[in-house]
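Peer 1: Residue strings, one per chain:
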Amino acid sequence: MSAEIMEFAELIKTPRVDGVVLHRPFMPTVEGTLCLTGHHLILSSRQDNTEELWLLHSNIDSIEKRFVGSLGHITVKCKDLRMIQLEITGMEECLNIASSIEALSTLDSVSLMYPFFYRPMFEVIEDGWNSFLPQNAFKDLESMTDEWRLSEVNKDFSLCPSYPPLVAVPKDVDDETLKKVATFRHGGRFPVLSYYHKKNGMVMMRAGQPLTGTNGRRCKEDEKLINATLRPGKRGYIIDTRAINVAQQAKARGGGFELEANYPQWRRIHKAIERYNVLQESLIKLVEACNDQSHSMDRWLSKLEASNWQTNVKEILTTACLAAQCIDREGASVLVHGTEGTDSTLQVTSLAQIILDPGCRTIKGFQSLVEREWLQAGHPFQQRCAQSAFSNSKPRYEAPVFLLFLDCVWQILRQFPCSFEFNESFLVLLFEHAYASQFGTFLGNSAAERARLCLPEKTVSLWSWVNRPQELERLTNPLYEPNSLVIWPSVAPQSLLLWEGVFLRWNRSSKCLDEAYEEMVHIIEYNKELQTKVNSLRRQLAQLETEDPLLHTP
Amino acid sequence: QKYYHYVHLFLQVEQVRLLDRFSNKSIHGTLYLTATHLIFVESNSNNSILHHHIASVEKLSLTTSGCPLVIQCRNFRVVNFVIQRERDCHDVYSSLLRLLRPVCYDELYAFSYNPKQNDQQREEGWQLIDLGAEFERMGVPCDQWQLTDVNRDYKVCETYPRDLYVPVTASKPIIVGSSKFRSKGRFPVLTYFYQEKKAAVCRCSQPLSGFSARCLEDESMLQAISKANHNSRFLYVMDTRPKLNALANRAAGKGYENEDNYSNIRFQFVGIENIHVMRSSLQKLLEVTGTRSLSMSDYLVGLESSGWLRHIKAVVDAAVFLTRAVTVEGASVLVHCSDGWDRTAQVCALGALLMDPYYRTIKGFMVLIEKDWISFGHKFADRCDQLDGDPKEVSPIFTQFLECVWQLTEQFPQAFEFSEWFLLQIHEHVHSCQYGNFLGNNQRQREELQLRERTHSLWAFLMSEKQNHLNPFYSPAYSEAHPVLEPSTLPYHFKFWRSMYHQFDRSMHPRQSILKTILTLKENSRKAESTLQALESVSTLLHIVIFLSFKLEPTESTDTERTVEGSSGTESRKQSYGELEGTYNSDLVKEEPAVVSLEFGVARMTC
Numbered sequence: 001m002s003a004e005i006m007e008f009a010e011l012i013k014t015p016r017v018d019g020v021v022l023h024r025p026f027m028p029t030v031e032g033t034l035c036l037t038g039h040h041l042i043l044s045s046r047q048d049n050t051e052e053l054w055l056l057h058s059n060i061d062s063i064e065k066r067f068v069g070s071l072g073h074i075t076v077k078c079k080d081l082r083m084i085q086l087e088i089t090g091m092e093e094c095l096n097i098a099s100s101i102e103a104l105s106t107l108d109s110v111s112l113m114y115p116f117f118y119r120p121m122f123e124v125i126e127d128g129w130n131s132f133l134p135q136n137a138f139k140d141l142e143s144m145t146d147e148w149r150l151s152e153v154n155k156d157f158s159l160c161p162s163y164p165p166l167v168a169v170p171k172d173v174d175d176e177t178l179k180k181v182a183t184f185r186h187g188g189r190f191p192v193l194s195y196y197h198k199k200n201g202m203v204m205m206r207a208g209q210p211l212t213g214t215n216g217r218r219c220k221e222d223e224k225l226i227n228a229t230l231r232p233g234k235r236g237y238i239i240d241t242r243a244i245n246v247a248q249q250a251k252a253r254g255g256g257f258e259l260e261a262n263y264p265q266w267r268r269i270h271k272a273i274e275r276y277n278v279l280q281e282s283l284i285k286l287v288e289a290c291n292d293q294s295h296s297m298d299r300w301l302s303k304l305e306a307s308n309w310q311t312n313v314k315e316i317l318t319t320a321c322l323a324a325q326c327i328d329r330e331g332a333s334v335l336v337h338g339t340e341g342t343d344s345t346l347q348v349t350s351l352a353q354i355i356l357d358p359g360c361r362t363i364k365g366f367q368s369l370v371e372r373e374w375l376q377a378g379h380p381f382q383q384r385c386a387q388s389a390f391s392n393s394k395p396r397y398e399a400p401v402f403l404l405f406l407d408c409v410w411q412i413l414r415q416f417p418c419s420f421e422f423n424e425s426f427l428v429l430l431f432e433h434a435y436a437s438q439f440g441t442f443l444g445n446s447a448a449e450r451a452r453l454c455l456p457e458k459t460v461s462l463w464s465w466v467n468r469p470q471e472l473e474r475l476t477n478p479l480y481e482p483n484s485l486v487i488w489p490s491v492a493p494q495s496l497l498l499w500e501g502v503f504l505r506w507n508r509s510s511k512c513l514d515e516a517y518e519e520m521v522h523i524i525e526y527n528k529e530l531q532t533k534v535n536s537l538r539r540q541l542a543q544l545e546t547e548d549p550l551l552h553t554p
Numbered sequence: 001q002k003y004y005h006y007v008h009l010f011l012q013v014e015q016v017r018l019l020d021r022f023s024n025k026s027i028h029g030t031l032y033l034t035a036t037h038l039i040f041v042e043s044n045s046n047n048s049i050l051h052h053h054i055a056s057v058e059k060l061s062l063t064t065s066g067c068p069l070v071i072q073c074r075n076f077r078v079v080n081f082v083i084q085r086e087r088d089c090h091d092v093y094s095s096l097l098r099l100l101r102p103v104c105y106d107e108l109y110a111f112s113y114n115p116k117q118n119d120q121q122r123e124e125g126w127q128l129i130d131l132g133a134e135f136e137r138m139g140v141p142c143d144q145w146q147l148t149d150v151n152r153d154y155k156v157c158e159t160y161p162r163d164l165y166v167p168v169t170a171s172k173p174i175i176v177g178s179s180k181f182r183s184k185g186r187f188p189v190l191t192y193f194y195q196e197k198k199a200a201v202c203r204c205s206q207p208l209s210g211f212s213a214r215c216l217e218d219e220s221m222l223q224a225i226s227k228a229n230h231n232s233r234f235l236y237v238m239d240t241r242p243k244l245n246a247l248a249n250r251a252a253g254k255g256y257e258n259e260d261n262y263s264n265i266r267f268q269f270v271g272i273e274n275i276h277v278m279r280s281s282l283q284k285l286l287e288v289t290g291t292r293s294l295s296m297s298d299y300l301v302g303l304e305s306s307g308w309l310r311h312i313k314a315v316v317d318a319a320v321f322l323t324r325a326v327t328v329e330g331a332s333v334l335v336h337c338s339d340g341w342d343r344t345a346q347v348c349a350l351g352a353l354l355m356d357p358y359y360r361t362i363k364g365f366m367v368l369i370e371k372d373w374i375s376f377g378h379k380f381a382d383r384c385d386q387l388d389g390d391p392k393e394v395s396p397i398f399t400q401f402l403e404c405v406w407q408l409t410e411q412f413p414q415a416f417e418f419s420e421w422f423l424l425q426i427h428e429h430v431h432s433c434q435y436g437n438f439l440g441n442n443q444r445q446r447e448e449l450q451l452r453e454r455t456h457s458l459w460a461f462l463m464s465e466k467q468n469h470l471n472p473f474y475s476p477a478y479s480e481a482h483p484v485l486e487p488s489t490l491p492y493h494f495k496f497w498r499s500m501y502h503q504f505d506r507s508m509h510p511r512q513s514i515l516k517t518i519l520t521l522k523e524n525s526r527k528a529e530s531t532l533q534a535l536e537s538v539s540t541l542l543h544i545v546i547f548l549s550f551k552l553e554p555t556e557s558t559d560t561e562r563t564v565e566g567s568s569g570t571e572s573r574k575q576s577y578g579e580l581e582g583t584y585n586s587d588l589v590k591e592e593p594a595v596v597s598l599e600f601g602v603a604r605m606t607c
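Note that the protein sequences, when read in sequence, are chains F and C. Going by full-length UniProt numbering, the letters in the first sequence line up with residues 1 to 554, in that order. Going by full-length UniProt numbering, the letters in the second sequence line up with residues 1 to 607, in that order.
One should not assume that every hint holds.
Stated by the list, open to error - Here are the simulated lysine-lysine pairs, DSS-like style, with alpha carbons at most 25 angstroms apart:
1) C:K284 - F:K303
2) C:K495 - F:K511
3) F:K528 - C:K522
Unchecked claim - Restraint-style ranges between C-beta atoms, simulated for each label pair:
4) C:G330 - F:V124: 55 to 61 angstroms
5) F:R505 - C:S464: 40 to 46 angstroms
6) F:E545 - C:Q533: 52 to 58 angstroms
7) C:M463 - F:N277: 55 to 61 angstroms
8) F:S393 - C:V78: 47 to 53 angstroms
9) C:R266 - F:N277: 33 to 39 angstroms
What the hints assert, rightly or not - In silico negatives: residues of chain F with every beta carbon more than 12 angstroms from chain C:
10) K65
11) I84
12) F116
13) Q135
Calculated from the structure, these hints are not laboratory results. All of these numbers come straight from a predicted model, not from anything done at the bench. We put the CB at the ideal spot given by N, CA and C, even for glycine.
Just need the whole structure built from these sequences, with the hints factored in.
Peer 2: See below:
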């Protein structure tokens, strides 16, 4: 550990500068001392009534510096899309600070990340690392059906490096078969259970693309596996998250899709969800449009359109609705995949569950969904969230896949504001922590990597922090009333909105909206209080009534 | 079922299908045509459309399933009927065409509409809004402003109201001279007085200046307005038109004020487009949003190219400019456009709404519309196409005003006493011709029509169902702390108003409404408060009774026994207390059935 701290010390050329002026959107300017530590940028005015700034270096996406005379201006652009300005007198100090920030915010080594140094200042009531174990999830499944089993075939991550050690597969399919199927699917991602629809026993599975190649290679075991999920005489749907031409092109690189001839019981539907590098472009353009302060309506709308962000939201949501429709309305089982099965596939399977399963709309249920369908399912968080919208370098693996998922959840939340136990703040919190966090939850790219990093032993889980009464209170939707129905969102463009809580968060004052929210909470609480009073008074009266002899005399 | 007991039925067609315009869903029912309504009756509900709401009827060519009839309404409802027999369809079509185009005012619904009120109630309804009292509220007349009787008989300006307020120094010759130099005689008059700074908002039409004409009386008039405000050395003149339009008007002998001729004015163009541009902009917008299976990209491109939000922003920008000039600089402002009854009304009314919290209440908003729109002669009859008139005169100017207000309510959720339902309801009735308020083009015409005697007032009706229009988040304390609203007019603050333009397309709206839920809760709380009060008094009474019974029969029971009995008593009665909790919950949870059918793609088993 001390060697690592040494390493930080080398990177910090100037640990503190006095007289630094901080400008933040919609907040008063603060003058104070800037301190750099291994993981934080801190600005403190040493006055009681001004807010300090504590910024994780890992939250910094990029910085820009310019000079007016000897006064240096550093613009810090954060992964949560905030932009702050620092004014530092003295060219050398400013250059030192800038290069230190740059170095500290681009550390390569995972083990140097803040979660490994962070010690919780709160009491852990429930260790989040144990909150969502696959065994427990499977117990719920067992109570509904006996057609599935938990396989340990991937217990050492050798069959599929991006899968967890335990996966649910059809009971009649043995591990030997799974091994063969793994060789036929991209990244070894053989079809596994994603969701069981209790209402009609239909299932949703996910996988990587089949490696048919140009020769139309087939795999009997693969066919057997997915056919094992069909009821006698029933058919299923394969939802390929790529446009047909994209899927065709994948053959040349050894990939492909399920041919009708080999999968006669399945109908394939292609939906075009963009791949990760395209999504990153989309985010960059959207954020640029939102930060454009020009007053032209035409320019704003055309930039918003050109970013394609809303189109992506609509396509993902539509595909998820389609999957849910196949299961709930058509009474058919569904297999979802794209290319790798770690991005668009997960967007679709997780959103379909939000639509179908009321359990996923609770706070705990949603955490469990993120755990199952994103973390355990091998979405490469570390790669995808390494940079956000302000990155200057050419994106490699960065992409707002998870952010798009959260955006889609927000859209459904907007349309069913009483059906979710959590509020918008919870979604914003997950966005922030996926990109930069003191917790270990979103570190690493797969269950295998997380096991290697010993995260449960060395870091604190985000869920440990969230699942405490004071946090839960902040994240709870006061309007929530459990709704056991399937919720079908509208995907018409007129029904989908720009997620202002994320994209315009730092560009508008939220004071009026926050106050209105407080008022809403107040109205709801006042109502509850009144109802309680009325009920208890009624009870008391009834007591008096039953006891009092005079009232009983005929 | 209630309609056709007492109305004359023109037509009845069985086996008609009503199609949803965005999905493939349809319902079967019977179509009835009465003198005032088109009614579609289906097994468990009925839809009725006022003839006055119908903007156009189109009969499409026969298909295998029947003959389609498309009806577009002014409240943005689009109805697609499929009538089995072509002959029936033709009958409905031609009857509608006949009924749709009233040629004189007497044919309008307002003259036959009877809400079962007596004359006195009706009279009271009309007395609800008193503009004289409103000017008094603003602090007018005062030492600088007075009521003039120059237009008592509509002699000087027939599109203005009888009562007008002008600077005390503006003599009759000045007024008359100025009115001759202004389009349609609409000379500068007071519309809002900002008491705090003694700054005035005045309105008028364009001057007939042409390329070089001057009018000393008009110059004196502006001088008088400027002088009436001691806080500022100059008067802003806001021409709400784009400069190019104003220039073009000069060739026709009209135009704008030459700063050289008027002492101490600051002249400013604010660039709001004319009624024709607005009409076609809305048309484009509706074309885009009416498209089936609309892609996100086409939607956003269409939103942009329609220019609609750009126009809305222009109006709000102008109102913000006006507000700043008055409240920050303390200057008086004279607002005009061409005739001073469209853009001028928008900007003056919206500006006043930003400056004065009173106009953000339900009553105050009615007063505002009565003042700046109805009394100052916004041509509702022409703009809303009440009679079969010139289609080039039709324009959604008032709709735009309502939308601007809605955009503000989105930025300031606690500043308005009313919710968007109030705005939608007003919009509905501006076109329904069911109440007298919006009939005709100006006050003089309304008096001739004897509307106060022969029709009912919308304001009284809206006031009677005030509960439905309240904004549950409204905070008078907020208005006290922020009397003047300062909205941001950055483009992303302007949103497409789905509740207006897709009012009748239910599938597009959130399935659960926060507004509705919170309103219900507030109503429940109100009821609970009175229940609580009642219970508390009963409880006090009971305690007295019990206290007395102790005194009378002290041996009957002891205190200890009482406690024991009490707890079991609670258990046995629990069921009946649950009631209140029960209704409270069920109100909330199952407001709307969550199952809606939508076409997400091709998911029909064909393989």
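Peer 1: Indicate, hint by hint, whether the structure satisfies it.
Peer 2: Against the structure, the hints:
1. Distance restraint check for K284 (chain C) and K303 (chain F): the Cα-Cα separation of roughly 20 angstroms lies within the 25 angstroms cut-off, and the hinted pair is therefore satisfied.
2. The suggested pairing of K495 (chain C) with K511 (chain F) holds, with an alpha-carbon distance near 19 angstroms, which does not exceed 25 angstroms.
3. At roughly 11 angstroms between alpha-carbon atoms, K528 (chain F) and K522 (chain C) fall within 25 angstroms of each other, so this suggested pair holds.
4. Against the hinted window of 55 to 61 angstroms, the Cβ-Cβ separation of G330 (chain C) and V124 (chain F) comes to about 60 angstroms, which satisfies the hint.
5. About 42 angstroms separates the C-beta atoms of R505 (chain F) and S464 (chain C), a value consistent with the hinted range of 40 to 46 angstroms.
6. At roughly 19 angstroms, the beta carbons of E545 (chain F) and Q533 (chain C) sit outside the given window of 52 to 58 angstroms.
7. Between M463 (chain C) and N277 (chain F) the Cβ separation comes to about 59 angstroms, which falls inside the hinted range of 55 to 61 angstroms.
8. Range check, S393 (chain F) to V78 (chain C): about 50 angstroms between beta-carbon atoms, so the 47 to 53 angstroms window is met.
9. Between R266 (chain C) and N277 (chain F) the beta carbon distance is about 54 angstroms. The supplied range of 33 to 39 angstroms is therefore violated.
10. Every CB of chain C is more than 12 angstroms from the CB of K65 (chain F) (nearest about 27 angstroms), matching its label as outside the interface.
11. Once the 12 angstroms rule is applied to beta carbons, I84 (chain F) is consistent with being away from chain C; the minimum gap is 20 angstroms.
12. Non-interface status of F116 (chain F) relative to chain C is upheld: no Cβ of that chain comes within 12 angstroms, the nearest being about 40 angstroms off.
13. With 12 angstroms as the threshold on Cβ separation, the claim that Q135 (chain F) sits away from chain C holds: the shortest Cβ distance comes to roughly 32 angstroms.
The structure fails to meet hints 6, 9 from the earlier list, while all remaining hints are met.
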